[in-house]
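Asks: Single-letter residue listing:
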Amino acid sequence: GAVVSQHPSWVICKSGTSVKIECRSLDFQATTMFWYRQFPKQSLMLMATSNEGSKATYEQGVEKDKFLINHASLTLSTLTVTSAHPEDSSFYICSARVIGGSYEQYFGPGTRLTVT
Amino acid sequence: QKEVEQDPGPLSVPEGAIVSLNCTYSNSAFQYFMWYRQYSRKGPELLMYTYSSGNKEDGRFTAQVDKSSKYISLFIRDSQPSDSATYLCAMGAGGQNFVFGPGTRLSVLP
Numbered sequence: 001g002a003v004v005s006q007h008p009s010w011v012i013c014k015s016g017t018s019v020k021i022e023c024r025s026l027d028f029q030a031t032t033m034f035w036y037r038q039f040p041k042q043s044l045m046l047m048a049t050s051n052e053g054s055k056a057t058y059e060q061g062v063e064k065d066k067f068l069i070n071h072a073s074l075t076l077s078t079l080t081v082t083s084a085h086p087e088d089s090s091f092y093i094c095s096a097r098v099i100g101g102s103y104e105q106y107f108g109p110g111t112r113l114t115v116t
Numbered sequence: 001q002k003e004v005e006q007d008p009g010p011l012s013v014p015e016g017a018i019v020s021l022n023c024t025y026s027n028s029a030f031q032y033f034m035w036y037r038q039y040s041r042k043g044p045e046l047l048m049y050t051y052s053s054g055n056k057e058d059g060r061f062t063a064q065v066d067k068s069s070k071y072i073s074l075f076i077r078d079s080q081p082s083d084s085a086t087y088l089c090a091m092g093a094g095g096q097n098f099v100f101g102p103g104t105r106l107s108v109l110p
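Same order as they appear, the protein sequences are chains Z and V.
Oh and the first sequence: position 92 is 92 in the working numbering, straight run, nothing missing.
Oh and the second sequence: position 88 is 88 in the working numbering, straight run, nothing missing.
Because the hints were derived from the structure by calculation, they are not lab data.
Among these hints, one or two may not hold up.
[To be verified] Below are the DSS-like pairs computed for lysine-lysine, each with C-alpha atoms no more than 25 Å apart in a straight line:
#1 Lys14/Z x Lys2/V
#2 Lys42/V x Lys20/Z
#3 Lys41/Z x Lys67/V
[Stated by the list, open to error] Part of the chain Z face toward chain V, derived, beta carbon under 8 Å:
#4 Phe39
#5 Ser43
#6 Leu44
#7 Leu46
#8 Thr49
#9 Gly53
#10 Arg112
Glycine included, every Cβ here is placed at the ideal spot set by N, Cα and C.
Based on the provided sequences and hints, a complete structural model is requested.
Replies: Below is the structure:
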């Protein structure tokens, strides 16, 4: 079945540094990938929609200069949290939409970011 | 009115019970309906995917879509403690981004 991986699964960084999270669709191609953020015991919050070869579309309230998204190929999207602060600590999850008709969306395992 | 509504629970049931999880929605254009299961600190896992109205069964899971009532359901038969998780519904129309419900937390007690 469709598998989406994320790397790293867990990262701790110091305030002010940048962190890159990779999202890969392992056995299918995805023109569209999504980035979500989830706080403990809360629902998914869509941050941005990433389309291969074009600029990402950010949801209202999400700073595009802080959360840089690059979707360079049909199997890889990256999220870079720039100048991270403790309030950016969260669970970041990507998902990928299957190309062609069905619109099924598969999620990665998530990346837990802790900013100290 | 929110676009997708889902009772957040928590819902506690004894092992072996039939579980009914539901979502209502307001957008009549929605045609694609999905149910996800999310364990704590994990990404959501796609359980069921349904296009338009009707029922779909997969093992102990049955998804139902009633477009006339704008209501979808997920039934879990013979529930197990391993089914304890948060269940999210999601739905959308064509190429638009899917809208997710907030999730229902389910606990199946041994």
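Asks: In ascending order, which of the hints set out earlier in this document are inconsistent with the structure?
Replies: 1, 3, 4 and 9
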